[in-house]
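> Starting from the given sequences, assemble the full structure and let the hints guide the process.
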Amino acid sequence: MKICVLVKEVPDAAVEKRIDPSTGRMDRSGERNLNPYDTHAIEAAMQIKEGGAVEVDEIVAVTMGPASAVRALHKAVSLGADRSVHLSDDALAGSDVAATGYALAQTLERESPDLVLLGQQSDDGECYTIGAVLADHLRMPSLTQVIKMDVVEGKLTCERQAEYGYDTVEIRTPAVISVGDAINEPRYPSLKAIMGAKKKPLEALGAGDVGVDISKVGAEGSQVDCGTFKAPPAKQAGTIIEDEDTIETVGKIVAWLDERKLI
Amino acid sequence: MPGILVYALHYEGAINKNSLGAVSEAARLAGELGTEAHAIVMGGDDLTDDLCASLGRYGAAKVLRAKGPEGLAQPVVDAMAKAVADGGYDYALFGGGLLGFEIGAGLAARLGAGVTMEVTAVNVDGGRLVAERPIHGDSSISSSRYKGFGIIIGRLNAFETQEAGSGAATVEDLDVELSEWSTRATMVKRGEQRGVDVDIEGADLLVAGGRGLGKAEGFEMLEQLAGTLGGAVAATRAVVDAGWFPYAAQIGQTGKTVAPKLYLAAGISGAIQHKVGMQSSENIVAINKDANAPIFEYSDLGIVGDLNKIVPKLNDAIKVKKGG
Ligand SMILES: Cc1cc2nc3c(=O)[nH]c(=O)nc-3n(C[C@H](O)[C@H](O)[C@H](O)COP(=O)(O)OP(=O)(O)OC[C@H]3O[C@@H](n4cnc5c(N)ncnc54)[C@H](O)[C@@H]3O)c2cc1C
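Those protein sequence lines, which keep their order, are chains A and B. Anchor point for the first sequence: position 116 equals 946 in the numbering used here, and the numbering is continuous, going up by one each time. Anchor point for the second sequence: position 62 equals 64 in the numbering used here, and the numbering is continuous, going up by one each time.
Quick caveat, the hints were computed from the structure, so don't treat them as lab data. Remember, predicted model here, so these are calculated numbers, not experimental data. A couple of the hints might just be wrong.
[What the hints assert, rightly or not] In silico BS3-like cross-links for lysine-lysine, where the CA-CA straight-line distance does not exceed 25 Å:
id: 1; chain 1: B; residue 1: LYS258; chain 2: A; residue 2: LYS1065
id: 2; chain 1: B; residue 1: LYS323; chain 2: B; residue 2: LYS263
id: 3; chain 1: A; residue 1: LYS978; chain 2: B; residue 2: LYS258
id: 4; chain 1: B; residue 1: LYS191; chain 2: A; residue 2: LYS985
[Unchecked claim] Simulated restraints, written as ranges between beta carbons of each label pair:
id: 5; chain 1: A; residue 1: GLU1050; chain 2: B; residue 2: LYS69; range: 39 to 45 Å
id: 6; chain 1: A; residue 1: GLN1066; chain 2: B; residue 2: LYS323; range: 23 to 29 Å
id: 7; chain 1: B; residue 1: LYS263; chain 2: A; residue 2: ALA923; range: 44 to 50 Å
id: 8; chain 1: A; residue 1: ASP1039; chain 2: B; residue 2: GLU34; range: 45 to 51 Å
id: 9; chain 1: A; residue 1: ASP1055; chain 2: B; residue 2: LYS323; range: 54 to 60 Å
id: 10; chain 1: B; residue 1: GLU34; chain 2: A; residue 2: LEU1032; range: 49 to 55 Å
id: 11; chain 1: B; residue 1: LYS315; chain 2: A; residue 2: ARG940; range: 43 to 49 Å
A virtual CB, placed ideally from N, CA and C, is assigned to each residue, including glycine.
Next up, the structure:
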């Protein structure tokens, strides 16, 4: 079995996010890191490999993004991927979710994976639809938000929470699965793995290498125009209490609740 | 010209409330555009003529009924793609939930269409639909316009349910051949309720716990506080998925929507998918040790501190207050 894990570099959550008003795109400068949700997808791949129920030949980390995105690939490799693929091309800048999914699907097509894994969402775009886009292009069955996955040769048994409770779904591979963060507790990379990550094979590809039709990607090729931005209706800021003396703090909370007749 | 196609999710013979909201919204928009709103459903024998026709009350002019598995996205993508190919729709609309996100995204890929998710409002401008989507932790709102076919996926509870329709909708059976990959997923068990059945929807005061409780036992502290206040205990998906608390008490996108007088959140970061289920609460109080936690952006009272220190003392202090 060959597993591809999609990863993404995102701004560090601790750093404030903003839209660049001149371009309308997200300002992606500042501290960046591997999307924390993706570490669960890498861990899921590692557990399949180590679990022994199926033979895993290879785990390949795949990303699309600017030059700096190689850091996300190095991190993914330090967490267990055997090699990585980096799709990077100026023509791809500004792609919306559908265009990004198309370009990634083209990249994955070359790898012919038996299983494609993703994290439950991206930390920056608040997006959790890319898996479904990919699956349609790849003509594979797919499920998102999976928190338990049993793998045997050719078949996955997945559990996930949907609108009415927990669903159990059986899927015949190849398949695209996005995993929820409850599926596992990702490991920390060893120092040795971090040091060795840069030595593992990393393939850099442009849009032309994977047969991406340029007219379908980038800001021009995207089918959505994200035009104007406005501020949401102002909400009155709440009161903030820093807890230093807890007796005093709870006194203030009780008074606040009492004032609103909640006690 | 039929204009807007809406997916209506159903379960055990009832249409999903967010889908009814989406049908109502589509009918309103179609009225402004001078076209029609049609709904599409997929399932088995529980999709009776009456159930389908009842969508007319919410403004659907026609309901397309396709036979297929329930609770899976890709068969619905096949059906909607067929309907779009047959009927010349310009837009597809979905209510908040989970399946709608999967179907809408898959359909975007299939049709080469534009898609926007987490939409909170849709307007008509120059004869076209414009969707508003809050971004960056709801600190800004972007508007989407579509170059061709547009797919709009609502945020949970974004579209109001309105019985503004003129009566029964016509029901038409849609023959679809499922694509090979759609048939490779099968539902083994749907809608399993994990944990005991608790009732939180009737409570005026809710004490909600998240991953910040550290372990399942952390909920004991919240049960005590809720007991003192005379309320009930609710939870985030993170702790329900972890098995710390029953699913019946989960608030958010794939759980319940509540609007109590008091929502006291302890150890909850305040992710959008949680917020959508509780943001209409009258008073929101949050206890979180991280001053940057998103929940503080929509709390009326925020306490930056360790819940393990604060919650027991708060419980004691409320007891004293109530006793005296
Ligand atoms: C499609 C989809 C649907 C979803 N549906 C839902 C849904 O229905 N409901 C839902 O809730 N979520 C849902 N989620 C998940 C959601 O995105 C969040 O992951 C989840 O709400 C986080 O739960 P949490 O706040 O308990 O955990 P975390 O985000 O991990 O937050 C824990 C918080 O506890 C704080 N903390 C830690 N220790 C302490 C301490 N000692 N004292 C005080 N504070 C402390 C931390 O600072 C942190 O802010 C969904 C996600 C997706 C992608």
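> Could you tell me which of the hints above the structure violates, numbers in ascending order?
Structure breaks hint 11 only.
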